[in-house]
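Take the given structure of chain A and dock chain B to it, following the hints.
Next come the chains, spelled out residue by residue.
2 protein chains.
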Amino acid sequence: MRTFSTIIASSTPIGRYLISRLSLRRSHAISVKPQASTPPMAAADASNEESLRRTLAEKQSAVDAQGNAVRALKAAKASKSEIDAAIESLNRLKLEKSSVERELQSVVSGSGGGASVNREAFRQTVFNTLERRLFFIPSFKIYRGVAGLYDYGPPGCAVKSNVLAFWRQHFVLEEDMLEVDCPCVTPEAVLKASGHVEKFTDLMVKDEKMGTCYRADHLLKDFGNEKLEKDLSLSAEKAAELRHLLAVLDDLSAEELGAKIKEYGITAPDTKNPLSDPYPFNLMFQTSIGPSGLIPGYMRPETAQGIFVNFKDLYYYNGNKLPFAAAQIGQAFRNEISPRQGLLRVREFTLAEIEHFVDPQDKSHAKFSEVANLEFLMFPREEQMSGKSAKRIPLGEAGIVNNETLGYFIGRVYLFLTCLGIDKERLRFRQHLANEMAHYAADCWDAEIECSYGWIECVGIADRSAYDLHAHTKELFLHSRSQQECGEAFGRLMNEKEKLWMMKAHWNRKGRWISKEKKKEHHLRVFTASSHLLALVELYTASMSTLSIQGQVKLGMNSLNVFRFPPSCGTYKCTLSFPLVQNQQYEEVAKVISTLLKVAGISHKIDITGTSIGKRYARTDELGVPFAITVDSTSSVTIRERDSKDQIRVSLDEAASVIKAVTDGQTKWEDVWSSYPHHSSESADD
Amino acid sequence: MRTFSTIIASSTPIGRYLISRLSLRRSHAISVKPQASTPPMAAADASNEESLRRTLAEKQSAVDAQGNAVRALKAAKASKSEIDAAIESLNRLKLEKSSVERELQSVVSGSGGGASVNREAFRQTVFNTLERRLFFIPSFKIYRGVAGLYDYGPPGCAVKSNVLAFWRQHFVLEEDMLEVDCPCVTPEAVLKASGHVEKFTDLMVKDEKMGTCYRADHLLKDFGNEKLEKDLSLSAEKAAELRHLLAVLDDLSAEELGAKIKEYGITAPDTKNPLSDPYPFNLMFQTSIGPSGLIPGYMRPETAQGIFVNFKDLYYYNGNKLPFAAAQIGQAFRNEISPRQGLLRVREFTLAEIEHFVDPQDKSHAKFSEVANLEFLMFPREEQMSGKSAKRIPLGEAGIVNNETLGYFIGRVYLFLTCLGIDKERLRFRQHLANEMAHYAADCWDAEIECSYGWIECVGIADRSAYDLHAHTKELFLHSRSQQECGEAFGRLMNEKEKLWMMKAHWNRKGRWISKEKKKEHHLRVFTASSHLLALVELYTASMSTLSIQGQVKLGMNSLNVFRFPPSCGTYKCTLSFPLVQNQQYEEVAKVISTLLKVAGISHKIDITGTSIGKRYARTDELGVPFAITVDSTSSVTIRERDSKDQIRVSLDEAASVIKAVTDGQTKWEDVWSSYPHHSSESADD
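Each protein sequence line maps, in turn, to chains A and B.
The first sequence begins at 1 in full-length UniProt numbering and counts up by one.
The second sequence begins at 1 in full-length UniProt numbering and counts up by one.
Just chain A, with the same shape it has in the complex:
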């Protein structure tokens, strides 16, 4: 699915509510999703910080005043007892000041002193484990790599293809969607119509001597965050000013950003050289189609345009009936200026998008009742404005989501993400504030997951009205040279109300067709959402792992190096290994089991390294494999479950079918556990 705009409430504790950002560049008029955002700071924290800064300034004044008093007493040669009393009072004031300082330090560096440091260390450990186990590999690393490009290694590929298969089952199959698969190479005309050629840009500045490029807003953001976090002597007013700047960063024009960079004296981070004025850099990879060099093209920055340009054919395929949804899974490309945030902001990634077309007169959904009773964390506009936090609300509760169709997809996305194993406590649906949405949008919700970067948007669900189809209609109209060509161009795209309005003025000969269409009076709206799959794997993994570190961050190997993927969407379904003792017969047994597993379509990894069972189980945990089979007899095997660490004995011929049953979801591990003899020996877990 695909999101509507790049907007996420940012950390902006001015006053008592969150101010959201409206991106003027990437997302103005066109639809673009961010690959990540900074975690919003709770309004309460912000207010607390402000009062602490004021208290600190007062304490500082008091310390200064008392210092002066002590000096005055000394100069006046006052009595020792008088001077001692004044010094004692000064020391008490200094202690009070230190205490406020510590409190402020803890507030500005994240909730509860050192948490942000821990979060970063935790993330680095997860990242290292993922890299060491080849979940991902920095692309072309033997050639020193390219920033923002990553390969999936074998376990990463397994997760990706399982997640995509589940996505197809959950959305395409269960919702009868029409899937399409369009090329990445896209001619300029299409992306001119969608607005990407003109507006899919970030503002960039250059080191004037070295030519190194930086994102203008990143420089200001880094400057502001560092100042706020490290400069405790910053006045409450100055701090508020900086926080306001951070909040409105995406709203600033090139000129405004340039003025701020000059005002704060920001220079190139690496060289301290002066910087150029900010100017827009288009984020699409450009190329040229065909040998003539005359057809400019781009690598698509999103997959949705392929759906829009095929609207008419898909509508026909659906029997000329509304509603219907089209879906596409494929690569998207964004030539980021300076990719950051690890796997969250990359230059090439897999998108899975849905465009749902509905009659604007009837946005009810036949299956809404199936999701109406779901209850989960929602963060409506009102709660954000009044500084409250997300609350658990039944989806069907009146008046929160604009319409049933939008609500139905929120419910389906909730089911998708929780089936993937995302923790319900770390998942919320946040409604866009009025000024976050484009003028044509009716309502937008983001599914956000809390991970080490804070709350990260990972699916966007938006009612975008007929904006996207309209954009192509307009483009085709503008470039038609005659009334007939204009009619043909429209006919190529769609039969739709807005088109008719435009056409009536210019091309009203084919009355029959127009009046026939007018009767339908439909006005199309698109519901979209998107998820960056590579990012999802990290979010998901992190989310899984943070389960075991909730509250307090533990970096011990035991708690961290277990990835609790659900069996359906993890890497392998099981591992297959032998004990230390070499035994030819065991190897034959393992071959038979492997063949049975393959016939049943169960992916597995054979571990033939001669290490202890404990070490092999640790490796299994690190790959997030839910079950481990150990061949330690010629008649039966041990099966161990990852999370409970329970072990059972199963006969050879049942091993594959037991694994199939528990990974298919036909049977629960608890039931298997109660039906087979238990096993406990030589495990590192004991």
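These are computed hints drawn from the structure, not numbers from a lab.
Just to be clear, a hint being listed does not mean it is correct.
Remember, identical chains collapse to one label, so a pair may be satisfied in a single copy or spanning two.
Each computed DMTMM-like pair below joins lysine to aspartate or glutamate, with the alpha-carbon atoms no more than 25 Å apart [claimed, not checked]:
1. Lys238 - Asp671
2. Lys591 - Asp176
3. Lys160 - Asp664
4. Lys321 - Glu588
5. Lys591 - Glu404
6. Lys660 - Glu174
7. Lys206 - Glu336
8. Lys312 - Glu131
9. Lys598 - Glu382
10. Lys80 - Glu237
11. Lys262 - Asp84
12. Lys206 - Asp443
13. Lys598 - Glu174
From a predicted model like this one, the values you see are computed outputs, not experimental measurements.
Here is chain B on its own, set in the frame of chain A:
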């Protein structure tokens, strides 16, 4: 999988054997597969044509001589009976000449007069059906499209994802391969090492006035083919010369091609303007990575390089053991000068490649015995050289395939393609001739499928020695600035014999590491194969359909518009529809069945249009859907099988499980047919 070079025996009937082409451009030293080739003309036909041309020339001389004789007799005022006899003799000679002419026409225009015309008409009908049913859509067609770019519509997507899922099951899962997934955007250094930057080119000529671009070899090929087919007065010598030219076309340098174009007076096809000299055009889509404009990049032309650059990590992942295979599925891009042959030569396509790394001292394969008894059409080098045709040989028969590992993969590819439903009679494995292979290759085989374009390569399987890894090693070595950096660079890629040879001369300090590695003495070889998935869909579909038109081409709707996809790899598993009579209860029943099908993961299309059952079955056939469920009662339904057109009655609660059993392959239709009551009514088939 991926092929070794672009070489396919071409139609070249000089002498008595096929001369093959060695492409000097795209495939010289680097590995590139053609997306299609022209069907080779049988040696016997070629020899026949030559003798016919000689006979025709003799008959023409005889006619000319006899004509002169008649004129001489008339001039000499010979007797009427003498003149009549001479004229009768002339007419007899003319008849003989006409007969030879007809025979020659039939030989040059394909085997058995008019077949090529029929093939083209057949292909066009298949193509039209595929487009009408949205198997594919010309990309961006509302913007007048881009040549060589196609979208998959819903049924095409279904076939693609089923074929890919089966590929993963058949190769990755069953052979324990390591899957990787690398980006399409690739920095220049990688493709310089692989040879693509320098040599992945086609020779191009330009219309000197209009600037239109053409492939130089295409112009000569079209000129030669048209001359040979239409100019019956062409002498046997001239015809042989042209055929030789066509045979060696890919071997010609830019200068030689240019000279031939001048010699034959070839001009721009559209304008008849003069043409430029040929010059190389690189087929990679070029782009720039990052904002500086200083990192040139390309969209990858194949997925294999992503495997090679990760060799060391994958080898480590496999416990530093050989053999192992790595696999990748992904997009590849080729900026063709002028895409032709419909879906067979496109500018963006999905590749599925395997690189198998093996110890050169031991190319045996543990599972070779599992495929050794397979018997299918093989076309060894010897048979091609002696003008014979492909023969049915058991794969295990001694001496044909270079080694067991290569043989094993040939067997696995055979099983893959026949499981996909490719007709065994239209599938052959052709060995490359000695001069088709690069100097470093040991043996190469192509899986070729016969379709309307003739025999088309669709999978290449090659023993390429260590060439590809070596290329990256060399590149890293050349750009290392110090001994240490050189060592590091090598270390980043691999630990391999050739590297050690090069390093010993330049960097022999780390004796310990070298000697440790030397003991292993492994020398890596790569087996590769590739298939263009979009092309496969067409090949496959055509192959399916030609089943019903074998021998004689029938273009009737009935025989053509059934796509006989196997249930596992087709579009939907079944359709679900109602009879003409509207009935609210039936709709409820259909909803229940649809839900049961979804839970079982069975893809299906609901047909709610109120047309006759016959028409709905015809639509089901056109989408290649194997089963159709018709809801015509509230207690039971009719299930119809596509190929036999048999219909059975099944109770509501069994419908989904019957479909699951027959599409999973657990049960055969024959068994279901014998277990349920039969049904025969109101079908259009009756």
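(message) Could you work out which of the previously given hints the structure breaks and list their numbers from low to high?
(response) 1, 9, 10, 11, 12
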